[in-house]
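Spelled out, the chains give:
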Amino acid sequence: MREEKVRKITRGGRNLILLGVLSVLIAGATTGVSLAIYHNSGDIYLDRSRPGFLPDQEEIEQEEENEPDVIYDYATEGDVTVEGLTEYLEKLDLEIKLIDAYEKPFDMEILSDEHFGIPTE
Amino acid sequence: MASLLSLPVSAISEVQKNAVSNNCISIKESLKTTQRMDARTRVYLGGKFETILTKFITPLNVKLVEKNISNPGLIENQSSFAEMKAMFSSDFIRYQQSLEELIGTDCEAEPEVFYNRLLVVRERRKLMGQDVARLKRLTTDNVRLVTELRSKL
Chain A
1 MREEKVRKIT RGGRNLILLG VLSVLIAGAT TGVSLAIYHN SGDIYLDRSR PGFLPDQEEI
61 EQEEENEPDV IYDYATEGDV TVEGLTEYLE KLDLEIKLID AYEKPFDMEI LSDEHFGIPT
121 E
Chain B
122 MASLLSLPVS AISEVQKNAV SNNCISIKES LKTTQRMDAR TRVYLGGKFE TILTKFITPL
182 NVKLVEKNIS NPGLIENQSS FAEMKAMFSS DFIRYQQSLE ELIGTDCEAE PEVFYNRLLV
242 VRERRKLMGQ DVARLKRLTT DNVRLVTELR SKL
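Going down the list, the protein sequences come from chains A and B.
If you count by our numbering, then the first sequence holds residues 1 to 121, one letter each, in order.
If you count by our numbering, then the second sequence holds residues 122 to 274, one letter each, in order.
Next comes chain B alone, as it looks inside the complex (with noise of 0.2 Å):
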């Protein structure tokens, strides 16, 4: 995260900066419906991933602790998708933030420092859909994982 902080300067040409001055409103237009659409996305996927971990993954967890049987993958699968899952709502909040910060920027006047800060945006939003990413996958190697533990029985 520190890295994204710490982006390099990137010198945009005369033309970009005349575009991104001259589309200064329809950029900015685009950038609010972005916001409120992540929003519900958010809460979507959020909400999604929350039901899994609450409905599945640990309350048979702890049936098979409370019934002794031990599977450390699946222990594993949980810590990993808790931890991924409150990474997903810290990363919105960061790309959220810059977002905003984005939007607050005057793109007529300060073009470059408006596309520097484009930059880090997409740096965030990359991050969240790597966060979907990774709670996917969590979530096929949980499947993966019980339909071993059905194979056992």
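Here chain A stands alone, though its shape is the one from the complex (with noise of 0.2 Å):
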């Protein structure tokens, strides 16, 4: 009767072990896939927040100043009037302004033979 009790026992902790290393596989597999998935489908292109893409502190700041205080959204309600109409476009000439004063977007020189010390034939 007691040896049947310590093999019950025995059996419960093997049972216990073997359910923490399932759970650790399982984990580890699902982990796999969904990296895998974040990669294959380019999210983790679109993604600042992985290691070494993390805005530094001079672009949160200039960021900041750059941003408006109140953050515009034509109103849907209403008529369509000439006033609403004129402070659309002053709000979308800002963002227009700020695009523009972006550098060189994708700027080619960049990744010249020049730029590289590549002589060019």
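Derived from the structure by calculation, the hints contain no laboratory data.
Among the hints, erroneous ones may be present.
[Unchecked claim] Quick list of in silico lysine-lysine cross-link-like pairs, DSSO-like style, CA-CA up to 30 Å:
hint, chain 1, residue 1, chain 2, residue 2
1, A, K104, B, K149
2, B, K153, A, K97
3, B, K138, A, K97
4, B, K257, B, K247
5, A, K91, B, K138
6, B, K247, B, K206
7, B, K257, B, K184
8, A, K97, B, K149
9, B, K273, A, K104
10, B, K247, A, K97
11, B, K149, A, K91
12, A, K104, B, K188
13, B, K206, B, K184
14, B, K138, B, K149
15, B, K169, B, K273
16, A, K91, B, K206
17, A, K97, B, K176
18, B, K184, A, K97
19, A, K91, B, K153
20, A, K104, B, K257
21, A, K104, B, K247
22, A, K91, B, K257
23, A, K91, B, K176
24, B, K184, B, K247
25, A, K91, B, K188
26, B, K184, A, K104
27, A, K91, B, K273
28, B, K169, A, K91
29, B, K153, A, K104
[Unchecked claim] Computed far set for chain B versus chain A, every beta-carbon distance over 10 Å:
hint, residue
30, D159
31, K176
32, A207
33, M208
34, I224
35, E229
36, E231
[To be verified] Derived CB-CB ranges, DEER-like:
hint, chain 1, residue 1, chain 2, residue 2, range
37, A, I71, B, M208, 22 to 30 Å
38, B, E150, A, N66, 28 to 36 Å
39, A, D73, B, Q251, 38 to 46 Å
40, B, T175, A, Y38, 20 to 28 Å
For clarity, every value in this text was computed on a predicted model and none was experimentally measured.
Using N, Cα and C, we set each Cβ at its ideal position, and we do this for glycine too.
Now that you have both chains on their own, put them together as the hints suggest.
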């Protein structure tokens, strides 16, 4: 009777270890699949929260400086008025200026032979 | 896009191969810096274009439809803008994939392979510049169409 009880406890301990190992394996496999999807879908390239791509302090400060105090959103209620469209155009002009002020987006010079010290022939 | 994948294999001279091999470390460093700067550019410009679409163009068109004001030009502008913005993201993914492949290439041992991959990255980067230019043009078109609409009220 006592021997049977001891055997049951031993088996219970072994099952607990098995459960733990299985859980770790399942967690590892699902994490691997998630990472593969994250990479293969290209989402990784749109994510700036990954290590090495986080914005630095200077960039955060610069962005906060450029951000308007109140975020504009064209009101969908009410009538379409001259005043409403004038405000729309004024606010849109601010966005256009911020886009134009961004220096050389996707400039080609940075990938040129000259930039890399490769002689052109 | 398919034409990019079938870029002709460009033979580079021995002088160029040596330059790639000798400058390998500095080229890789420069590419990694470019990769980080491009991520910043995409987030900044992508955010701006998203704001223009969701805070300006779309709500104005919703209101025009609700008020039965027909303006096919603005509707077309919205659909072109949304399509272009999606293309901006998908082109960026393809560009970054090719840039990552380039960074992963051993330029000391395989300068020719590296150079040919660099040509692909250049083509894809050029597309990014064109996408930005198109989105800017569509924004300018929107300003013109809204100004015309305002003058008719």
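Verification of the hints:
1. As the CA atoms of A:K104 and B:K149 are separated by approximately 21 Å, the hinted pair is consistent with the 30 Å bound.
2. Taken as a hint, the B:K153 and A:K97 pair is honoured in the structure, with Cα atoms around 29 Å apart against an allowance of 30 Å.
3. A threshold of 30 Å between alpha carbons decides the hint, and for B:K138 with A:K97 the separation of about 43 Å lies outside it, so the pair is violated.
4. Simply put, B:K257 and B:K247 have alpha-carbon atoms about 16 Å apart, close enough for the 30 Å limit, and the pair holds.
5. Restraint check: the Cα-Cα separation between A:K91 and B:K138 comes to about 52 Å, which exceeds 30 Å; the hinted pair is violated.
6. Annotation: proposed proximity of B:K247 to B:K206 holds, straight-line Cα distance about 16 Å (limit 30 Å).
7. Distance check on the hinted pair: B:K257 and B:K184 sit about 23 Å apart at the alpha-carbon level, within 30 Å; holds.
8. A C-alpha spacing of about 34 Å is found between A:K97 and B:K149, which places the hinted pair above 30 Å, so the restraint is violated.
9. In summary, the hint linking B:K273 to A:K104 is not supported, as the alpha carbons are separated by about 37 Å, beyond the 30 Å threshold.
10. Distance check on the hinted pair: B:K247 and A:K97 sit about 23 Å apart at the alpha-carbon level, within 30 Å; holds.
11. Only pairs whose Cα atoms come within 30 Å are accepted, and B:K149 paired with A:K91 is rejected, the gap being roughly 41 Å.
12. For the hint pairing A:K104 with B:K188, the CA-to-CA distance comes to about 41 Å; that exceeds 30 Å, so the pair is violated.
13. Taking the CA atoms of B:K206 and B:K184, the gap is near 22 Å; set against the 30 Å cutoff, the hint holds.
14. With a CA separation close to 15 Å, the supplied pair B:K138 and B:K149 stays within the 30 Å bound.
15. A C-alpha spacing of about 29 Å is found between B:K169 and B:K273, which places the hinted pair at or below 30 Å, so the restraint holds.
16. A threshold of 30 Å between alpha carbons decides the hint, and for A:K91 with B:K206 the separation of about 20 Å falls inside it, so the pair holds.
17. A C-alpha spacing of about 16 Å is found between A:K97 and B:K176, which places the hinted pair at or below 30 Å, so the restraint holds.
18. A C-alpha spacing of about 26 Å is found between B:K184 and A:K97, which places the hinted pair at or below 30 Å, so the restraint holds.
19. Taking the CA atoms of A:K91 and B:K153, the gap is about 36 Å. The hint is violated against a cut of 30 Å.
20. Restraint check for A:K104 and B:K257: the C-alpha separation of about 13 Å stays at or below 30 Å, so the hint holds.
21. The hinted pair formed by A:K104 and B:K247 meets the criterion: a straight-line CA distance of about 12 Å does not exceed 30 Å.
22. Distance restraint check for A:K91 and B:K257: the Cα-Cα separation of roughly 15 Å lies within the 30 Å cut-off, and the hinted pair is therefore satisfied.
23. With a CA separation close to 10 Å, the supplied pair A:K91 and B:K176 stays within the 30 Å bound.
24. The suggested pairing of B:K184 with B:K247 is violated, with an alpha-carbon distance near 37 Å, which exceeds 30 Å.
25. With a CA separation close to 22 Å, the supplied pair A:K91 and B:K188 stays within the 30 Å bound.
26. For the proposed pair B:K184 and A:K104, the alpha carbon gap of about 36 Å is over 30 Å, so the pair is violated.
27. The suggested pairing of A:K91 with B:K273 holds, with an alpha-carbon distance near 20 Å, which does not exceed 30 Å.
28. Our distance criterion of 30 Å between C-alpha atoms is met by B:K169 and A:K91, whose separation comes to about 12 Å.
29. A hinted pair counts as satisfied when its Cα atoms are at most 30 Å apart, and B:K153 with A:K104 qualifies at roughly 18 Å.
30. The Cβ of B:D159 sits about 7 Å from the closest Cβ of chain A, inside the 10 Å cut-off, so the non-interface label is violated.
31. For B:K176, the shortest C-beta to C-beta distance to chain A comes to about 5 Å, within the 10 Å cut-off, and the non-interface label is violated.
32. The beta carbon of B:A207 is kept farther than 10 Å from every beta carbon of chain A, the shortest such distance being approximately 12 Å.
33. Its beta-carbon lying about 13 Å from the closest one in chain A, B:M208 satisfies the requirement of being farther than 10 Å from that chain.
34. Distance to chain A confirms B:I224 as a non-interface residue, since its nearest Cβ pair spans about 12 Å, more than 10 Å.
35. With a least CB separation of 14 Å from chain A, B:E229 remains clear of the 10 Å interface cut-off, as annotated.
36. Separation of B:E231 from chain A is adequate, the least Cβ-Cβ distance of about 15 Å exceeding the 10 Å criterion.
37. In this structure the supplied range 22 to 30 Å holds for A:I71 paired with B:M208, their Cβ-Cβ distance being about 26 Å.
38. One distance hint, 28 to 36 Å for the beta-carbon pair B:E150 and A:N66, holds here, with the actual separation near 29 Å.
39. Against the hinted window of 38 to 46 Å, the Cβ-Cβ separation of A:D73 and B:Q251 comes to about 30 Å, which falls outside the hint.
40. Distance hint check for B:T175 and A:Y38: the Cβ-Cβ separation is about 25 Å, which falls inside the suggested range of 20 to 28 Å.
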